[in-house]
Amino acid sequence: EAQVTQNPRYLITVTGKKLTVTCSQNMNHEYMSWYRQDPGLGLRQIYYSMNVEVTDKGDVPEGYKVSRKEKRNFPLILESPSPNQTSLYFCASSLSTRIIAGELFFGEGSRLTVL
Amino acid sequence: EDQVTQSPEALRLQEGESSSLNCSYTVSGLRGLFWYRQDPGKGPEFLFTLYSAGEEKEKERLKATLTKKESFLHITAPKPEDSATYLCAVRDPGGGNKLTFGTGTQLKVEL
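Chains as they are written, first to last, in the working numbering: chain C, 1 to 115; chain Z, 1 to 111.
Incorrect hints may have been included.
Claimed, not checked - Have a look at the derived ranges for each label pair, beta carbon to beta carbon:
#	chain 1	residue 1	chain 2	residue 2	range
1	C	E108	Z	E58	26 to 32 Å
2	C	P8	Z	K59	31 to 37 Å
3	C	T86	Z	E45	21 to 27 Å
4	Z	Q14	C	T20	43 to 49 Å
5	C	T86	Z	E58	38 to 44 Å
Calculated from the structure, these hints are not laboratory results.
Computed from a prediction, not measured in an experiment: that's the story for all the values here.
We put the CB at the ideal spot given by N, CA and C, even for glycine.
Could you put together the complete structure from these sequences and hints?
Shown next as structure tokens:
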């Protein structure tokens, strides 16, 4: 089954404790991206990657890091989480030929709470 | 900065009561407008891509249309399973691959 898998789905952590949210896709997609979704603000892009070893900032990259060492994986790293990073996070992927058509496949989301 | 505004924020319909959701945008040089459906606790699911004014796309009870300033998602004779949040997004007019999303319309269809 074609899918984007995120882990963990739910996490409660404390300020300053480094964490990683993993994202893996099995569709051989070149493009991958991370979004956060907050009430009243909608989906905002954090980082995206056009292919292995190619990453770029989205609209709200502060406080986040990413890496793309393999095509299928695109982890999101919070080096020192703060309460304002409490949010619902989505990973998404697409074929490079389909991203121009806005056709993203989203994971099921990771709800992060930072105390 | 690109602006995507969706209205209404929430809409409650009776089963079979047709209606429309609106997505207005201020992007100059639109390079694509996209509709997604998001069910509670799930990631958004891609529905349609529209590129130019006058274009229409259909899928079951949904029809998306596009003008130079806005897009409409028409829902004909909705059923309870159409209940979801509908998101629209536009593509970065600079030719990049960033999508800017609206905040969505939460649709509830009741029996």
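Hint by hint, here is what the structure shows:
no.: 1; hint: E108(C) / E58(Z): 26 to 32 Å; result: holds, 27 Å
no.: 2; hint: P8(C) / K59(Z): 31 to 37 Å; result: holds, 33 Å
no.: 3; hint: T86(C) / E45(Z): 21 to 27 Å; result: holds, 25 Å
no.: 4; hint: Q14(Z) / T20(C): 43 to 49 Å; result: holds, 46 Å
no.: 5; hint: T86(C) / E58(Z): 38 to 44 Å; result: holds, 39 Å
In terms of the numbered hints stated before, the structure departs from none.
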